[in-house]
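> Residues per chain are reported as follows:
Protein chains: 4
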Amino acid sequence: MKITFEELDRFLQEQFPQGAAYGTLRKLGDGWAEMSLDVDDGHLRPGGTVSGPVMMGLADVTLYAALLSRIGLVPLAVTTNLNINFLRKPAAHTPIWARATMLKVGRTMGVGEVFVYSEGGEEPVAHSTMTYSIPPKKHEN
Amino acid sequence: MKITFEELDRFLQEQFPQGAAYGTLRKLGDGWAEMSLDVDDGHLRPGGTVSGPVMMGLADVTLYAALLSRIGLVPLAVTTNLNINFLRKPAAHTPIWARATMLKVGRTMGVGEVFVYSEGGEEPVAHSTMTYSIPPKKHEN
Amino acid sequence: MKITFEELDRFLQEQFPQGAAYGTLRKLGDGWAEMSLDVDDGHLRPGGTVSGPVMMGLADVTLYAALLSRIGLVPLAVTTNLNINFLRKPAAHTPIWARATMLKVGRTMGVGEVFVYSEGGEEPVAHSTMTYSIPPKKHEN
Amino acid sequence: MKITFEELDRFLQEQFPQGAAYGTLRKLGDGWAEMSLDVDDGHLRPGGTVSGPVMMGLADVTLYAALLSRIGLVPLAVTTNLNINFLRKPAAHTPIWARATMLKVGRTMGVGEVFVYSEGGEEPVAHSTMTYSIPPKKHEN
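Protein chains in written order, with the numbering used here: chain B, 17 to 157; chain C, 17 to 157; chain Y, 17 to 157; chain A, 17 to 157.
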């Protein structure tokens, strides 16, 4: 791994000054990451379940964490494509968590997939694939 | 159209009690809608531009509005698939807006596409396609 | 499982009278399937590698097989959404194979993912997610 | 435009030696293209309609043509992501055609959308978005 858990945790908190609005890092490995999100009233849609954009936000940042485990702390890696299937209604008033795994990390882009779960549930509530664009290194020569 | 601008505007405000966090209805037609979003600090990512999840949230609710113009005020229509391509960096500290158009509205699902723009910009910053699942009508017999 | 390997194999050959143009069933389980495809000159693009549409075709039919393991021999199940990421160049002049797994099988639709490999390779050459629409059963009452 | 209709037409025929298996160029503009495909028995699925992979193949090559109108005759541009929604059943035993439009052409990638129609039909049978990776120019300095 190019970075430690502590380095990435600190980096994410600096990058997202809104605090834990997008999730909290729980585990980190070589090419994968897990993050969780406490659900508050601002995340809900009618019926008390987590809204789609909240799940997309967690999936997005979790794959970002998985990517950085491979390429190091690159702030300007950006999502270029995201596809998500919403599979089941999340449990009401329950935190969600995500596990992201890289499928490929190339020189200019990384592709990965993310499963999102309600805490305590066995079946995924959403599944997402994403492409991140990796900026060229400066002074690369 | 199955609903008026005023009916949908009131419905969206009731459905999303967080207020205008997901956008404000601007125009509504038969099978299409336009919504805008004032950008505040909670929406930003490093560099002062709008984050991906914020654009996804606006795209999602704008297509929901376009769908409801065809099927009426159905609260339980839910997104089942969303695909988004991020095309250009949004302008910093500038509101964004979206135009959604239905490509098909069937009995059980609706598919549409959304273009997202920075206010004043000519080229789209993102393009999304989505599928909404339409719940069966009660007492349908 | 709702069907046996032999029942599905015979059904696929009847459904696709072009023969093995879309692939050959290799393994079948509860909610998953594996199929392979011998590559001939009609499948190639410049450089001798398998073309994108050929990989999409194999992914599509393999997920169809995985779905039928759960719902039985339903001829009119159709793909409504397909997303595919091409990850690596397939090996030249080498057969490809795919493994499909259902993520959800509901009453009206099924969602699954597919990994595509070059025979003998360890890393996937493509990854796809798909939604199939399941027709309502006749005389369902 | 970087190329003429005749140059692209000849290039496509050389690139795809299977002949018109993937479609015939009909119109070409700056950042857009139209191609059509005569449907034969090998393209059909049960019911006499065009199969999904055939529509994906036509969408893919038509967007390739649209991209080349902007970047010139680059043989090694490859699809990295394709998303397609199948909207309506194509007419039986009827040719299909596609119109592709680029949404963005950058230095390293191009994104576009494609509508697919049955000949004579007014509503699209499929809608696709795609990302093409553009190889770096040789000797670019």
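Treat the hints with care, as some may be off.
Note that the list lumps identical chains together, so a pair holds whenever it fits in one copy or between two copies.
Said to hold, decoys possible - Straight-line C-alpha distance at most 30 Å; calculated DSS-like pairs for lysine-lysine: (1) LYS105 / LYS18; (2) LYS120 / LYS43; (3) LYS120 / LYS18.
No wet-lab data here; the hints were simulated from the structure.
> Tell me, please, which holds for LYS120 and LYS43 at an alpha-carbon limit of 30 Å: within, between, both or neither?
both (20 Å within a copy, 26 Å between copies)
> For LYS105 vs LYS18, is the C-alpha pair at or below 30 Å within one copy, between two copies, both, or neither?
The answer is between: 26 Å across copies meets 30 Å, while 36 Å in one copy does not.
> Checking LYS120 and LYS18: alpha-carbon separation at most 30 Å within a copy, between copies, both or neither?
within (16 Å within a copy, 33 Å between copies)
Of the numbered hints given earlier, the model fails none.
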